[in-house]
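Chemist: Model the placement of chain B on the given structure of chain A, informed by the hints.
Sequences listed follow chains A and B, in order. Position 76 of the first sequence, counting from 1, maps to 76 under my numbering, and the rest follow consecutively. Position 303 of the second sequence, counting from 1, maps to 303 under my numbering, and the rest follow consecutively.
Just so you know, these hints were derived from the structure itself, not from any lab. Just so it is clear, CB atoms sit at the ideal spot from N, CA and C, and this is done for glycine as well. Misleading hints may appear alongside valid ones.
[What the hints assert, rightly or not] Derived CB-CB ranges, DEER-like:
1. B/350 with A/71: 35 to 45 Å
2. A/200 with B/47: 38 to 48 Å
3. B/435 with A/51: 17 to 27 Å
4. B/415 with A/51: 54 to 64 Å
5. B/403 with A/455: 53 to 63 Å
6. B/189 with A/71: 31 to 41 Å
7. B/312 with A/231: 36 to 46 Å
2 protein chains.
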Amino acid sequence: DYQHVQVPFEITLWIMLASLAKIGFHLYNKLPSVVPESCLLIFVGLIMGGIIYGLNDKSPPVMDSDIFFLYLLPPIVLDAGYFMPSRPFFENIGTILLYAVVGTIWNVFGIGFSLYGICQVKAFRLQDVSLLHNLLFGSLIAAVDPVAVLAVFEEIHVNEKLHILVFGESLLNDAVTVVLYKLFRSFCEMPTIKTVDIFAGVGKFFVVGLGGVLVGLIFGMTAAFTTRFTKDIRVIEPLFVFLYSYLSYLTAEMFHLSGIVAIIACAMGMKRYVEANISLKSHTTVKYFMKMWSSVSDTLIFIFLGVSTIGENHEWNWPYICFTVIFCLIWRALGVLVLTFFVNRFHVNTITSKDQFIIAYGGLRGAICFSLVFLLPDFHRKKLFIAATTVVILFTVFIQGMTIRPLVDLLAVKRKRESAPTVGEQIHIRFLDHLLAGIEDICGHWGQYYWKDKLEYFNSKYLQKILLREYDQPKSSIVLLYEKLERKHAIELAEAGQLSHAPSHPSLLCSVFLCSSNDRTVIMDKKLEDTLNPDVLENIQEILARNLYRIRRTGPAYNRHTLPGETEPVEHAKEILILRHKSL
Amino acid sequence: DYQHVQVPFEITLWIMLASLAKIGFHLYNKLPSVVPESCLLIFVGLIMGGIIYGLNDKSPPVMDSDIFFLYLLPPIVLDAGYFMPSRPFFENIGTILLYAVVGTIWNVFGIGFSLYGICQVKAFRLQDVSLLHNLLFGSLIAAVDPVAVLAVFEEIHVNEKLHILVFGESLLNDAVTVVLYKLFRSFCEMPTIKTVDIFAGVGKFFVVGLGGVLVGLIFGMTAAFTTRFTKDIRVIEPLFVFLYSYLSYLTAEMFHLSGIVAIIACAMGMKRYVEANISLKSHTTVKYFMKMWSSVSDTLIFIFLGVSTIGENHEWNWPYICFTVIFCLIWRALGVLVLTFFVNRFHVNTITSKDQFIIAYGGLRGAICFSLVFLLPDFHRKKLFIAATTVVILFTVFIQGMTIRPLVDLLAVKRKRESAPTVGEQIHIRFLDHLLAGIEDICGHWGQYYWKDKLEYFNSKYLQKILLREYDQPKSSIVLLYEKLERKHAIELAEAGQLSHAPSHPSLLCSVFLCSSNDRTVIMDKKLEDTLNPDVLENIQEILARNLYRIRRTGPAYNRHTLPGETEPVEHAKEILILRHKSL
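Excised from the complex, chain A in its bound form:
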């Protein structure tokens, strides 16, 4: 009775295949370090598409755009938004927006007009492709794809600023792409275009983008508010995080706003409140499931991309296709150069020319272009556009994706710092923020620190009272940071206990637990000194010192495929506190 279970059975099998493919790659350790996973997955997809094509003798099914936009994209964007490193993001928000908005418009018109120029060459037999169609094509091919960028940039570990610039751009350009794509598509269907339509299009940018942010924030705040009341039913806490963010995406899509922007705003908005309200285990589940879901979605997207490539949907007009690839590269490079020139004039911390090269080179295209090109209204050159899009995607993912790592090595681009910042560093950063906010306030200059301070004030004064379950006195941010680290620390302890895994060596385990208390011992020392004579104290310190060889580490930085505190065991033990004890 296969009919009866067909739909869920096939979906489960596809997911299973994707997961098994993933496991397969990782069994050979060398493979993923040379070829990005996205390429391997597309390759698997190509093979499968070939098999289906060979067996059925017809084109394999293409990825349904609805499935992509409604089910596969949201988990990836949610994961990206939830784990977005907010500090570098807000520090560079101006630059990111400039790249995302001005840069994308620049690319769309650049590619559109120059392809129209190519169409005028009689030898290529492309005179029937109008300017509008070229612009429409430009609008879908110009957008850098967050899924492809994430997949590649996660593996090359460039410095945080560079990463957030490319990744932030790829996320936020969704608003621009949506507007331009819909605008040109409606223009294509209109008999005449009035000037007012063009102005309406410009206005739409703000509506689509800001509307998305608004929808996201509303749902994010509602989610935070809801988790205030889940104390008695912990098990469904994680559900709300997923439900509200998905609703924000769907609602935004419903009103033709930018769903990607909405879900990012929702995730970033709710994160800190939800994190404070829900239990630790719920939070582990949220994080883990988000990673898992986005990982599966991402795998499915690349496999489907491969499968959909095979078939007879293509019109291979090579001049058009080749020039598309070339223009995509040229216009992006030019755009980055020009925009960065302006950005660098206003910033002390400039973007180096190496970074600029990586930003330009990292402009990967992916499944969003692919889905948009299939959503085009039917017209006689649609197959040409599909072919060109496919080639651009494969070119960027394979050629650029595979060469970017060697290039980063060759250029010696500044890498991400491997170790997470220490507590001392974090406290100093906080302190400097407050100081700078004060300076800005005195100068009358309303910079980012000023606004950050105001926002923090508003948050602790009003928002937290409404959204948090256990609202105590507003604590200073340093105390909050300390608390957070304490909690992180406690979890890591358990992991260390589990990692050492050796109840047959109880002294080892014991030492882990003893060491855990070492930073508190400093505070305890005073108490002890009252009750113990110095001789005994020295002895105790000696015992402690012998056992103090494992110190807390804060988790490693953002990576979509691993969870904090999982990848590296507590290896590089810092022995600072031992010294501190000895010096007492």
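Modeler: Relative to the frame of chain A, chain B by itself:
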């Protein structure tokens, strides 16, 4: 553009509604302690159905049987199977099977024949309902529903044996119900019934049941084997648990085997290997997500049950309906009495008459009957059957579900022990198991202990080598238990650290960590004694003793809505180890 997002949007909204309803109940602490949650949810569903009926003036949509069987039921059964307390289950497997197979057949024929008798009374105008139709109806109404049983029995905390008897029966009778239901349905459509068909039906029992177990075990072992290779991609580990169990369910359904039996076999089979292979965080995610999913499914089922009740699908022939309820009660009570009589003759640990009453009274009907009755082929009395089924479900869930708790109190039925067994107890139980296995081996009596021992041997000799990633020397089961407890302990510690939540009182936290090491200290003492003079040692012991006031507790027993180690904080601290230290 509502059309575009309609499907996911409505699904998300339904889930959201269900979750919010759940939160709503728990805000008023008194409500869930009087009325079972299932009743409240049905009530919410009734109100919503009424609103839909009032607004649209037509029957609200009934729960789709496909949605129920393919999407809502599997998570609940998976959760039940994965968290099934295997010891009481296998200890009582004979009794459970007797109730599930013989008891269900008894009920089906009892209810079927007596309702046929009622149909012969001319005053009721039911002469057109044939014997076969009555038996078909009997086959769907006789089965006790696992979802309803779980929902009620989880809240009343009866002793473990009683719980597993009712719950195990409700799970395993699926095989019988499936066979009988399909048999009678095909008989209804056949012109004549041959004797060979009846024998084929009897043979099918074994095929459906054992086939389900086989499919489940195959998928379970494959799942365990797959998780051997997930070391490098921890994030997708939880996925495999869900995918394989769902595939086992779908595959079994595809071959007309019992999906419920398959998914339970799969979950029980893979649990211990998967648990050993995947990381601790993955396992938390698996457990949490299973609970969450089953909780949501269960909520949706009851709400839909309420919604579907409203409408014009019913034919209210009250004599038939009333006699159905009465016969359901009578035949179940008789069945339990007769079967228990036989069971008690072969067991030392008998089932008391109080327990028998609760078993008979706990035979709740639920969504499975409801879905089966809608799956009936169309015939002119289908609406009567729907009405009777609805009334039986509402009667059992509301009247029996709400009165069972007072009855348990009134009869003073033996409750579940509140505290989990201590390490000492667990080790003794293990020890006795081995002893009994030895005695049985010497006697030549192949009882459960003998088989358990053989299975354990086979497991450690062959299965673990294939299925486990880190296969060391086969450890004795006591060492394994100790390891497991150690790991549990480490997690609890972290939780205690999180619970105490007070970095401003570092000495408190510190003491928790110090206390954690107390049971290891005993072993350490020897080492310390070599290096320290007795005076210093005494001082250290004094410090430790002052801090030793929190001792490990193993997690609380099974409950579907909470996770182990979450409900109760570490309150009732045992101070045994302090005494031990003092006595040194």
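Chemist: Hint numbers the structure violates, sorted upward?
Modeler: Numbers 1 and 3 - these are the hints that the structure violates, sorted from lowest upward.
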